[in-house]
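With the hints as extra help, turn the sequences into a complete structure.
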Amino acid sequence: MSQRQVLQVFEQYQKARTQFVQMVAELATRPQNIETLQNAGVMSLLRPLLLDVVPTIQQTAALALGRLANYNDDLAEAVVKGDILPQLVYSLAEQNRFYKKAAAFVLQAVGKHSPQLAQAIVDCGALDTLVICLEDFDPGVKEAAASALGFIARHNAELSQAVVDAGAVPLLVLCIQEPEIALKRIAASALSDISKHSPELAQTVVDAGAIAHLAQMILNPDSKLKRQILSALSQIAKHSVDLAEMVVEAEIFPVVLTCLKDKDEYVKKNASTLIREIAKHTPELSQLVVNAGGVAAVTDCIGSCKGNIRLPGIMMLGYVAAHSENLAMAVIISKGVPQLSLCLAEEPEDHIKAAAAWALGQIGRHTPEHARAVAVTNTLPVLLSLYLSAESSEDLQIKSKKAIKSILQKCTYLPALEPFLYDAPPNILKHVVGQFSKVLPHDSKARRLFVTSGGLKKVQEIKAEPGSLLQEYINTINNCYPEEIVRYYSPGYSETLLQRVDSYQPLIN
Amino acid sequence: MATLARLQARSTFLAQQYYFRNSVVDIFRKKEYDAAVKIQSWFRGCRVRAYLRHLHRVATVIQKCWRGYLGRQQYQLIVKLAFCSMKMNLYNAMAVRIQKQWRGYRIRKYCFNYFYYKEYLRAVSETNDAIREALEEFAEMKEREDKKADLERKEKKKGYEARKMHYLLSTKQIPGIYNSPFRKDPDPWELRLQKAKPLISQRPKVKKISVSVSNWPAYASPQVLPQPKILPPIDRKPCQGPFRDITEVLEQRYKPLEPTLRVAEPINELQAAREELRKQECMRNIHDDMFLPFSSYNKNKKYIPLMHSSSKYGPDSYGSQHFRDENPTKWLCNKEIKEDKI
Chain A
1 MSQRQVLQVF EQYQKARTQF VQMVAELATR PQNIETLQNA GVMSLLRPLL LDVVPTIQQT
61 AALALGRLAN YNDDLAEAVV KGDILPQLVY SLAEQNRFYK KAAAFVLQAV GKHSPQLAQA
121 IVDCGALDTL VICLEDFDPG VKEAAASALG FIARHNAELS QAVVDAGAVP LLVLCIQEPE
181 IALKRIAASA LSDISKHSPE LAQTVVDAGA IAHLAQMILN PDSKLKRQIL SALSQIAKHS
241 VDLAEMVVEA EIFPVVLTCL KDKDEYVKKN ASTLIREIAK HTPELSQLVV NAGGVAAVTD
301 CIGSCKGNIR LPGIMMLGYV AAHSENLAMA VIISKGVPQL SLCLAEEPED HIKAAAAWAL
361 GQIGRHTPEH ARAVAVTNTL PVLLSLYLSA ESSEDLQIKS KKAIKSILQK CTYLPALEPF
421 LYDAPPNILK HVVGQFSKVL PHDSKARRLF VTSGGLKKVQ EIKAEPGSLL QEYINTINNC
481 YPEEIVRYYS PGYSETLLQR VDSYQPLIN
Chain B
510 MATLARLQAR STFLAQQYYF RNSVVDIFRK KEYDAAVKIQ SWFRGCRVRA YLRHLHRVAT
570 VIQKCWRGYL GRQQYQLIVK LAFCSMKMNL YNAMAVRIQK QWRGYRIRKY CFNYFYYKEY
630 LRAVSETNDA IREALEEFAE MKEREDKKAD LERKEKKKGY EARKMHYLLS TKQIPGIYNS
690 PFRKDPDPWE LRLQKAKPLI SQRPKVKKIS VSVSNWPAYA SPQVLPQPKI LPPIDRKPCQ
750 GPFRDITEVL EQRYKPLEPT LRVAEPINEL QAAREELRKQ ECMRNIHDDM FLPFSSYNKN
810 KKYIPLMHSS SKYGPDSYGS QHFRDENPTK WLCNKEIKED KI
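So the sequence lines, in the order shown, correspond to chains A and B. Note that the working numbering numbers the first sequence so that position 154 is 154, with each residue one more than the last. Residues are numbered in the working numbering as their position in the second sequence, beginning at 1, plus a constant of 509.
These are calculated hints, taken from the structure and not from any lab test. No false leads were mixed into what you were given.
If you want the footprint, here are the derived chain A segments under chain B, 3+ residues with CB under 8 Å:
hint : stretch
1    : 253-260
2    : 328-337
For lysine-lysine, the following DSS-like pairs were computed, each having C-alpha atoms within a straight-line distance of at most 30 Å:
hint : chain 1 : residue 1 : chain 2 : residue 2
3    : B       : 651       : A       : 224
4    : A       : 263       : B       : 666
5    : A       : 263       : B       : 663
6    : B       : 656       : A       : 306
Label-pair ranges, simulated between beta-carbon atoms:
hint : chain 1 : residue 1 : chain 2 : residue 2 : range
7    : A       : 180       : B       : 622       : 52 to 58 Å
8    : A       : 369       : B       : 600       : 34 to 40 Å
9    : B       : 595       : A       : 463       : 49 to 55 Å
10   : B       : 768       : A       : 180       : 33 to 39 Å
11   : A       : 369       : B       : 593       : 43 to 49 Å
12   : A       : 200       : B       : 619       : 36 to 42 Å
13   : A       : 40        : B       : 696       : 58 to 64 Å
Please read all numbers here as calculations on a predicted model, not as lab measurements. Even for Gly, the Cβ is constructed at its ideal location relative to N, Cα and C.
Rendered as structure tokens:
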């Protein structure tokens with residue numbers, strides 16, 4: 001055999017290897033193939049190929065591994081158990097940009113499944129090399145590294161702290177300033193993941209000067225980037241008053257309201273989350289949001305979308321109204337109440353209803369005027385039905401009960417209270433009768449109306465334990481009327497009249 | 510002594526007398542004694558009683574004075590207290606009045622200024638209206654932009670389609686499908702086809718590798734990997750003989766072209782230099798038009814026609830008129846059609 005024939009064998013083998021990894025990488029893009037590939041023992045075959053002499057084969061093998069690990073955590077765990085990670089980390093620092101991309105992709109795919117897997121990656125010392133990759137010239141490499149860091153930091157505070165300790169934050173902030181949109185997006189998402197765990201982590205992100213860069217990209221036309229930007233800002237602002245003030249000082253305010261009109265639903269959601277996180281801290285911040293017209297914009301936004309997108313907006317209205325009566329009045333004149341009652345009526349999901357009920361309770365609990373504004377939208381019967389309905393969740397029942405109670409205790413708008421005399425359970429009836437007993441002694445027209453609408457009759461029918469609060473209220477109401485009227489409306493009065501007829505001795509001359 | 514004797518003589522008498530008298534007295538003695546006791550007791554009793562009465566009277570006077578004194582003191586105290594409390598009540602009432610006024614004033618002025626509150630609510634609603642309007646405008650603007658972009662995209666697509674269907678354009682002889690002779694006006698597509706340039710040739714497109722899962726990140730898509738044409742040669746044993754190392758040879762073989770300075774220089778350097786010179790001259794030239802003589806100069810000059818054109822047989826048509834006009838704008842392709850030579 002000549003030398004050429006011998007070498008031909010090797011060349012064939014090399015071609016076959018290339019073809020094999022390429023096919024596996026191609027097959028791994030389809031989820032239906034994954035199980036078959038797994039059963040065929042693809043992991044053990046790919047692992048030696050990572051150490052192949054031909055760089056292309058190495059890269060493609062890494063890509064295939066990443067794709068496989070992306071699908072489920074079993075495969076990801078297999079990657080960790082197969083001791084592939086140290087190899088990847090080692091070559092991440094050495095090899096060319098294609099290999100770096102593929103290796104970072106594998107790390108990302110492994111780390112995204114669970115904190116344990118992410119911890120395994122951290123234990124391999126991958127963070128330092130990933131941070132070095134963030135300084136690479138190629139935007140693709142930066143993107144892959146930033147994404148891997150983001151997925152690692154997403155799980156918990158310790159992992160985030162590890163990422164921060166590796167010095168990733170300043171480089172991620174630099175990545176935001178790059179011209180590539182995809183890189184900006186991923187870096188913003190990584191910053192959001194880092195800062196979401198604790199105030200200290202958020203503070204490190206702020207110290208790296210991220211807020212100014214994030215804030216000036218709010219008007220970017222790319223909606224996916226906007227989502228990440230707004231989410232990062234809200235994750236920073238949610239921790240403390242100081243951080244929220246820092247975010248506000250970046251002059252996000254009239255600008256962020258335009259995002260509430262965006263076409264993309266998630267941009268809307270994240271924008272209202274950001275406003276909510278800012279408004280929830282102090283009355284001053286809420287006042288700032290109100291002065292910027294944020295409440296009106298959020299109200300419009302609630303009206304223009306459905307489902308979970310609404311939730312942060314609803315909660316924002318509740319937080320603003322909870323701070324003080326002036327702010328609650330601002331919510332009312334921004335037409336927030338009709339919008340909230342609409343949400344309460346039409347949303348199918350319990351948690352959104354619960355949020356709307358809570359927000360309404362916060363608006364109505366300040367003064368009679370607030371309670372009246374809530375009551376005229378005919379919300380109270382809806383709240384009552386939610387409270388009484390067996391289908392609503394426990395949380396919704398508690399929230400709606402609290403809302404009803406806090407509104408009723410301030411409500412002096414009697415037409416809205418009247419239906420409650422007929423169909424409210426005793427624990428709520430107490431407050432209703434209490435309100436009547438407070439209003440009736442001072443209002444002659446209302447007294448008259450109360451008799452003619454049958455309220456007095458209903459009050460007489462209520463069975464109250466003597467000496468209880470309810471009985472006291474009933475007595476107060478009864479004292480507002482002449483005795484014969486009270487007796488006339490008492491149950492069993494006709495019986496007593498008839499008895500008197502029976503016992504009456506006719507006068508016969 | 511006589512007296513003594515007389516007395517002694519008389520003593521018996523005297524003794525008798527004495528005895529007699531004593532005996533007489535003894536009869537009444539007891540009675541008298543009792544009477545005397547009675548009298549004395551009565552008298553003494555009277556005197557003691559009178560004394561006691563006197564004492565009582567005096568004690569009463571003392572007590573009266575003392576008690577009166579004490580009572581007056583008590584009374585003074587009570588009056589003082591009553592006065593004090595009355596005064597305090599008055600003061601408190603006045604203080605309440607002052608505090609009431611002041612507090613009301615302060616609250617109305619600083620905390621719950623009704624007009625300020627109204628003003629605030631009005632300002633908030635105004636801001637809200639302004640913001641709503643601005644946002645509405647912004648949304649409208651966005652929508653308009655989107656619509657415009659959409660329209661442009663559609664227009665481009667239509668233009669491309671028109672280019673593709675250019676062969677449906679009607680000719681002078683045969684009307685195309687968009688130019689029905691039974692209709693008054695041709696179809697708008699006909700006009701579009703007239704304007705469009707036909708699509709010349711379609712190169713076979715490079716078949717893209719389809720990726721079913723669209724959410725792969727860009728850096729993990731299959732296109733990013735380099736697809737080498739030739740696999741690098743497998744490590745062979747070095748050949749026998751005075752040859753260089755095989756990697757070195759291959760490096761030499763596949764290294765990129767690095768031309769020498771002379772080879773890198775273009776061959777039409779002179780032409781290029783001239784062109785450059787011309788360009789620079791052109792750049793420095795301030796005015797393109799030559800200086801023309803005054804306009805009235807032409808008027809006085811008589812126009813002398815050419816001999817060739819002033820012939821009475823008319824101008825010669827040879828060489829100035831062609832029967833086959835060339836209109837390069839309507840050419841299908843850039844190449845000139847070469848006439849077949851017979």
